[in-house]
Each structure stands twice: as C-alpha cells, then as structure tokens.
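If you read the sequences in order, they're chains B and R.
So this note's numbering is basically just the index in the first sequence, starting at one, shifted up by 87.
So this note's numbering is basically just the index in the second sequence, starting at one, shifted up by 19.
Hints should not be assumed to be uniformly reliable.
As the list claims (entries may be wrong) - With a cut-off of at most 25 Å between alpha-carbon atoms, the simulated BS3-like pairs for lysine-lysine come out as follows:
#1 R:Lys595 - B:Lys243
#2 B:Lys181 - R:Lys600
#3 R:Lys336 - B:Lys231
#4 R:Lys600 - B:Lys236
#5 R:Lys336 - B:Lys100
#6 B:Lys98 - R:Lys336
#7 R:Lys595 - R:Lys616
#8 B:Lys181 - R:Lys616
#9 R:Lys336 - B:Lys236
#10 B:Lys225 - R:Lys620
#11 R:Lys616 - B:Lys191
#12 B:Lys191 - R:Lys429
#13 R:Lys617 - B:Lys191
To be clear, the hints were calculated from the coordinates, so they are not data collected in a lab.
These numbers come from a predicted model, not from an experiment.
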Amino acid sequence: MKVSQRQLKAKIKSILNRNNNDRGMLVSILQDTQAEFGYLSRDVITEISISLDVPLSQVYGVATFFKAFSLVPRGRHQIQVCLGTACHVRGAEKILDTVERELKIKPGESDPDLNFSLETVNCVGACALGPIVIVDGKYSGEMKIEAVKPLLDGCK
Amino acid sequence: MKRLSSITELETFRESIIKNYDQKKLVVNICGGTGCLALGCSDVIKAFTEEIANNKLEEKVDIRVSGCPGFCERGTILTIEPQNIFYQRVKRKDVAEVVTKTLVEGQVIDRLLYADPATGKRIVREAEVPFYTKQKRLLLAHSSQIDPESIEDYLRFGGYAALAKVINGMKPEQVIDEVKASGLRGRGGGGFPTGRKWETTRHAEGEIKYVICNCDEGDPGAFMDRSLMEGNPHSVLEGMVIGAYAIGSHEGYIYIRNEYPLAVKNAATAIKVAEEHGLLGNNILGSGFDFRIKISRGGGAFVCGESTALMASLEGKVGEPRAKYIHTSEKGLWDKPSNLNNVETWANIPLIINNGAKWFAGIGTVGSKGTKIFSLVGKVRNTGLVEVPMGITLGEIIFNIGGGIPGNKKFKAVQTGGPSGGFIPEKLLDLQVDFDELTRVGSMMGSGAMIVMDENNCMVDMAKYFINFLLGESCGKCLPCREGLKQMHHILTRITDGKGTLADTELLESLARTMLDTSLCGLGYSAPNPVLTSLRYFRDEWLAHVNEKRCPAKVCKALITYNITEKCPNCGLCVKACPEKAITPQGKKKPVLLDQKKCIKCGSCYDVCKLDAVLVK
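Full structure from sequences and hints, please.
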C-alpha cells in the first residue's frame with residue numbers, strides 16, 4: 088500500500104507522540120511503525136531518525152539487531168513456527184520442514200506475491216503444548232505433520 | 020469508581036468486595052492463558068457466552084476468563100464455582116453439555132473430569148487434582164480464580180495488603196531487612212540475594228533511581244513469567260511498588276518480550292486500573308509516595324534478558340551487554356542506580372511482607388528459600404507449570420508430579436537453566452532442586468525451564484541445538500562468544516553429519532574453557548554448559564557419533580535411514596504422505612518400496628504408519 092510522503096510523516100508523528108517522543112522507547116516505536124506500515128522501509132527509518140533526533144545509524148542498528156523487525160515487505164499472512172527447546176524436543180524441526188515445503192519459502196522469506204511470510208520464533212511461552220505454529224496471531228498447539236497443510240491452506 | 024486515598028479506604032473497599040461476592044453463585048472460570056489459546060479456549064469462551072445467553076442464564080452464571088493455572092497439558096481448563104469442579108480438555112463441542120448438565124442440572128460430566136493415571140479414578144474438585152496437590156502453590160494459588168483484568172479479584176484474595184502494611188509504618192530499611200532475612204534469591208537465573216541488591220541500590224549515590232521488572236523470559240521452554248504477568252499482573256505491580264518504596268525510586272519499567280502480546284496487554288490494563296484506584300502513580304494510598312511504571316517491549320532478542328543489555332534496549336539502543344564490574348545497582352539505566360529483578364522475584368515480595376521473612380525462610384533449603392515455579396515440558400506426561408518448594412528432588416518433580424515419561428519410553432535427561440544450563444542424567448534424579456546443587460553438577464537453576472528428554476532424543480543433537488540457538492542470539496560484541504559459538508557450531512555439525520573425530524570433542528572442550536573465561540556476558544560464558552554436560556554424562560553417544568558414525572537415538576539425519584519392513588501390507592498411507600514421492604507401491608499385500616536416493620528423511624512415513632512397518636536404522 089503506497090503512502091504519500093505527507094501521510095508517512097503524519098503517521099510517524101502520531102506514533103512518536105503516542106510514545107511520548109521518548110528515544111528510550113525506540114524499540115516500541117519501531118514495533119508500532121512496523122504494525123502500521125507492514126515493514127520498516129528506508130523512508131520510514133529516515134523519518135524516525137529525523138523526528139526523534141536519533142542518529143540514523145542507531146535507528147538502523149536497532150532495526151537490524153532485533154529479530155522482530157523486517158526491512159523488506161512482508162506477506163499478508165504471517166506464519167511463525169516456534170523452535171524453542173520444548174518444541175524442538177517434540178519435533179518442531181519436522182514441522183518447519185513441512186511448512187517450508189508447503190509454502191516453498193524459507194524462514195525470513197515471503198512468497199513473490201506477498202501472500203505470506205514465514206519466520207521462526209525462539210519460544211512463545213506455550214511450551215507445554217509444542218510444537219506451536221502461529222498464523223496471523225492465532226496459536227495452534229500440538230501440531231502434527233498432517234495438520235500443517237490444512238492449517239496453511241487458508242493463507243494460499 | 021473512587022480513588023483509594025488511604026489504607027482504611029482500601030480495607031473498606033476490600034471488605035465490601037468480599038461481602039458482596041456471592042459464594043454460592045455459579046461461576047465458570049475459563050483459562051485464557053496463551054497455552055489454552057493454542058488449544059482453542061477463545062472458541063470455548065465464545066461458546067459459553069452464547070449458550071448461557073441461549074439458556075437465559077445471564078443472571079445466574081458468571082463467566083470469568085482467568086490467568087494460566089499451569090496444567091497446560093490438559094487445556095482448555097475450566098473450574099466451576101462454587102463446587103470447585105475441574106474440567107479438562109474442554110472443546111467447543113462440549114460447552115452446550117456443560118451448560119445444561121452441570122450448570123443447570125448440577126451433574127458432573129465424567130469424561131471431562133481428570134482421571135488419576137494410577138487408579139483410573141475420576142477426580143471432581145480442582146483442589147484434589149494430584150498435579151496441583153503435590154505442588155506447593157503460593158504464587159499460583161488462585162490463578163484459576165483471578166481475572167487479570169479485574170483488580171477486585173486480586174483484592175478479594177488479599178492483594179495490596181502487603182503494600183498497605185509497608186506504607187503504613189514500615190521504614191524502607193525495615194522492608195529491605197525483611198527481604199534480606201527471607202533469603203529470597205533472584206528467580207531470573209542469577210540467584211543473587213534480592214535484599215542485598217535492594218540495599219546496594221538504596222545506598223547508591225543519586226536522587227533518581229529506577230526499578231525494573233525483567234519479563235524478557237527468553238529461555239525457550241520457560242513460561243512461568245508469562246503466566247504470572249498474564250494471569251496475575253497485580254502481584255508483580257505490588258512487589259514493584261514495595262521495592263520502589265524500599266529503594267527510594269519513583270520510576271519503574273516492565274520490560275516484556277515482544278513474543279508475549281497477552282502479557283503486554285494485561286500488564287498495561289493492570290497498571291491503568293491500579294492507577295485509577297490510587298495504588299500506583301502519584302500519592303499512593305494517600306501516603307505521599309509516588310511511583311509510576313512504564314511498559315517497554317522487547318524486539319525478539321534473547322540477549323536482552325541480560326540486565327545490562329535490557330537496560331541498553333530501554334535506552335533505545337542495540338541490546339549489547341557491558342562488563343558487570345560496574346554494578347547496575349550503582350550505574351544502570353541512563354547511568355542511574357537501577358534495581359532489576361525478575362517477574363517471579365517481584366511476585367514473591369507481597370508474600371514475604373504478608374507472611375514474614377521467617378515463614379519464607381522456613382520453606383526450602385539452607386541456600387535456597389521459598390518456592391520456585393518450573394515449566395515442566397518436553398517428554399513428560401503432565402506438562403505445565405509446577406510450583407514446588409526448593410529442595411524437592413528432580414525425580415519427584417518429573418515422576419510424581421509430572422507423571423513420568425509418556426509412551427512407556429525411558430527417561431534420558433532433564434535440561435535445566437535454559438541455554439545457559441546443562442543436562443542432568445538419570446543417575447542424578449535424586450538431586451535436590453537448589454541453586455547451588457544444580458550448579459555443582461554443571462547445570463544451573465536458570466529461570467526455571469525444565470525440559471525432559473527420552474530415549475528418542477540425541478544428546479549430541481541437543482547440544483548442537485543450543486549452540487545453534489545461541490549463535491543466532493549472540494549480540495556479536497565480544498570475540499570469544501561470536502567466534503567461539505560459530506566454531507562450536509561447525510564442529511557439532513561435522514559430528515552430526517558423520518564427519519567428526521575424537522579430536523573434535525577435545526577441541527570443543529578447549530573452546531568451552533576459553534569462552535567460559537573470556538566472554539563479556541553470561542550468554543557467552545555459560546554457552547558451553549549444554550555441550551560440556553552432554554559430553555560429561557553422555558560420552559558414549561558422542562563416541563558412537565565420532566568413532567562409529569552412528570546416532571544411537573536415531574535422530575541425526577545424516578546417520579540414519581528409513582526402511583520399510585516386511586510388516587508393511589501396502590495400505591498406502593506413507594505413499595501419500597511422502598513429499599518427495601519416494602515411496603512406490605509394489606502390489607497387493609507386498610511392502611512398499613522406499614527409494615533411498617529420493618528420501619529426505621523427513622520422517623513423514625514413520626509418523627503416519629500405524630503398523631510399525633517403518634524402521635529407522
């Protein structure tokens with residue numbers, strides 16, 4: 088979704104205000120920004136740097152340090168596979184392999200039409216019910232290999 | 020809704036809540052924690068709302084969405100008041116029956132009751148479920164009956180009485196003495212004496228001091244903090260206000276990891292509601308003491324659970340740790356004295372103040388007081404959260420409370436302490452759970468993740484898993500960790516690919532010693548622990564990998580093959596399941612043929628075969 092430079096500035100201003108223009112809240116600001124724009128583009132990172140008066144290298148550094156952020160456009164559907172220890176012990180790797188085969192992409196990638204993006208997470212705290220797959224914020228526990236395709240069919 | 024501006028008003032309010040609570044009214048408590056969310060509890064909640072409306076029972080029945088009581092393996096969990104009926108594995112399709120049979124007719128539904136695995140007997144009341152009765156639930160005592168969005172529930176169970184006691188006449192030094200005397204040690208993994216940390220921060224120079232709650236809970240397999248923050252956020256807030264009062268701080272932060280959206284939401288609600296009631300913010304309970312809390316979210320970095328990295332992140336910087344010879348209690352966030360404690364540590368404070376240091380010190384061992392919540396996960400029957408007194412043995416947790424290993428498999432190891440901890444073998448199951456005991460055997464308490472492994476887990480693969488995890492999470496600042504982990508990963512991959520040698524294991528040990536001595540922070544110097552304990556207690560598996568190129572647990576893909584045996588009657592399930600179309604039927608009643616060249620060892624055929632006809636060699 089293309090936004091004009093004016094709209095971009097306005098949205099970022101609103102996000103910064105919500106976070107009290109506090110440079111200590113940079114991580115939260117970037118999260119709100121990613122939620123708004125889908126990903127952190129160069130324009131957006133530059134605008135935050137200027138408005139918050141934080142060096143561009145610092146904003147860029149934080150944006151690339153934390154796993155939650157994407158500097159490339161992401162798909163409409165977010166698929167996350169947990170690879171925490173408890174999930175690993177219960178076969179999460181095989182679930183991930185199956186998801187990769189179904190979607191034909193690897194973690195960190197999106198399909199060419201930007202329908203879906205895949206990422207791995209290092210523990211979402213539902214460890215007793217691993218393996219866990221999250222599709223657009225909806226958790227599915229005790230995943231089995233056979234259950235992967237039906238779960239993902241909704242995204243294709 | 021009146022702001023409470025004195026302790027008397029608080030107590031009057033509490034009394035009115037208790038008095039007006041209809042003990043006889045039907046209440047359906049449904050667990051709304053992340054675990055049950057993964058099992059469909061939102062559908063169950065919705066169904067109850069609909070069915071209760073359809074049956075015109077809105078006046079007679081309340082629905083309460085509670086926090087996580089911890090018996091995750093049995094989710095979605097319901098507890099029905101006033102009878103204290105405990106229903107487990109509840110699905111949407113069961114709801115109509117619960118409403119008509121239990122709520123209206125007062126009868127229990129057998130199939131939804133928990134059955135004691137030893138006797139087969141069905142247990143009706145939550146208070147009698149062995150998983151709970153064998154625990155010592157102090158922090159989790161009322162988790163199934165507290166709606167985290169309601170302060171009334173917390174007050175009904177005595178919430179904020181500790182804060183009132185402190186503000187009503189305890190001097191800050193007295194509070195610190197009480198916490199010191201309790202023997203409470205940090206529950207985040209460091210195990211540092213809490214009272215001493217508070218005292219150092221109090222005495223540090225400077226007017227501005229910060230109080231921080233570490234809810235980054237990055238250890239995979241750990242979700243105690245998630246459960247507390249989601250389910251009973253007020254218990255954490257109360258602890259923080261007391262701590263701030265004792266230390267002389269007026270500004271606090273709760274740093275919650277990005278992967279816990281429900282915890283963020285519930286903490287934010289709790290802060291707002293506590294402020295509205297005058298229990299947080301300016302002039303708390305009319306005492307003149309101010310303390311505000313802000314929530315900050317993590318961005319998906321395990322290293323930000325380390326206190327100096329967390330504080331860097333709070334300053335809007337990259338989460339890189341710094342050397343700890345400058346204590347954060349003297350120069351922490353924004354270079355000001357900062358007291359950082361874990362969620363569970365904070366939640367213990369109201370209990371200590373209410374019941375006294377002597378009471379707390381009476382629980383546990385000489386070196387480790389109080390209870391600890393563990394997340395018991397992996398290859399164990401009763402997965403979930405267990406709160407037990409320090410000093411209980413690992414075997415008691417895993418077998419008595421945990422119900423042992425499912426599928427009649429053999430116990431192999433338990434991993435404690437997350438990626439900084441180590442593996443503990445069967446011969447040490449009598450080990451008492453205690454900070455110092457766990458460290459003595461090469462592991463550590465850590466945050467409380469307790470991951471059980473059975474005969475089907477490969478201890479070399481598990482060591483590689485942890486190194487791989489830490490490699491991705493290393494901040495990269497110091498060479499020993501950055502390069503050490505990379506090299507360890509290369510070596511471990513060689514070994515699991517069947518190209519390792521005995522010299523590789525010696526190299527791993529040597530690398531481990533260097534990382535231990537020279538890494539900048541805990542991530543680096545504890546990273547070798549899983550590898551070292553795996554080598555120490557499971558050497559024969561390593562030797563099989565390097566000398567025989569064999570994986571005894573049949574996990575390492577490069578060292579195994581999948582084979583179809585004579586048992587196969589050609590049912591065709593595996594043919595369909597195979598993603599590489601490597602399996603072809605050979606005719607009626609003849610075993611199918613698996614083309615090894617096409618096989619990617621995904622295990623789909625093994626998982627789907629109901630006749631044990633797939634053999635892994």
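Results of checking the hints against the structure:
no.: 1; hint: R:Lys595 - B:Lys243; result: holds (21 Å)
no.: 2; hint: B:Lys181 - R:Lys600; result: holds (17 Å)
no.: 3; hint: R:Lys336 - B:Lys231; result: violated (40 Å)
no.: 4; hint: R:Lys600 - B:Lys236; result: holds (16 Å)
no.: 5; hint: R:Lys336 - B:Lys100; result: holds (20 Å)
no.: 6; hint: B:Lys98 - R:Lys336; result: holds (23 Å)
no.: 7; hint: R:Lys595 - R:Lys616; result: holds (18 Å)
no.: 8; hint: B:Lys181 - R:Lys616; result: holds (19 Å)
no.: 9; hint: R:Lys336 - B:Lys236; result: violated (40 Å)
no.: 10; hint: B:Lys225 - R:Lys620; result: violated (29 Å)
no.: 11; hint: R:Lys616 - B:Lys191; result: holds (21 Å)
no.: 12; hint: B:Lys191 - R:Lys429; result: violated (37 Å)
no.: 13; hint: R:Lys617 - B:Lys191; result: holds (18 Å)
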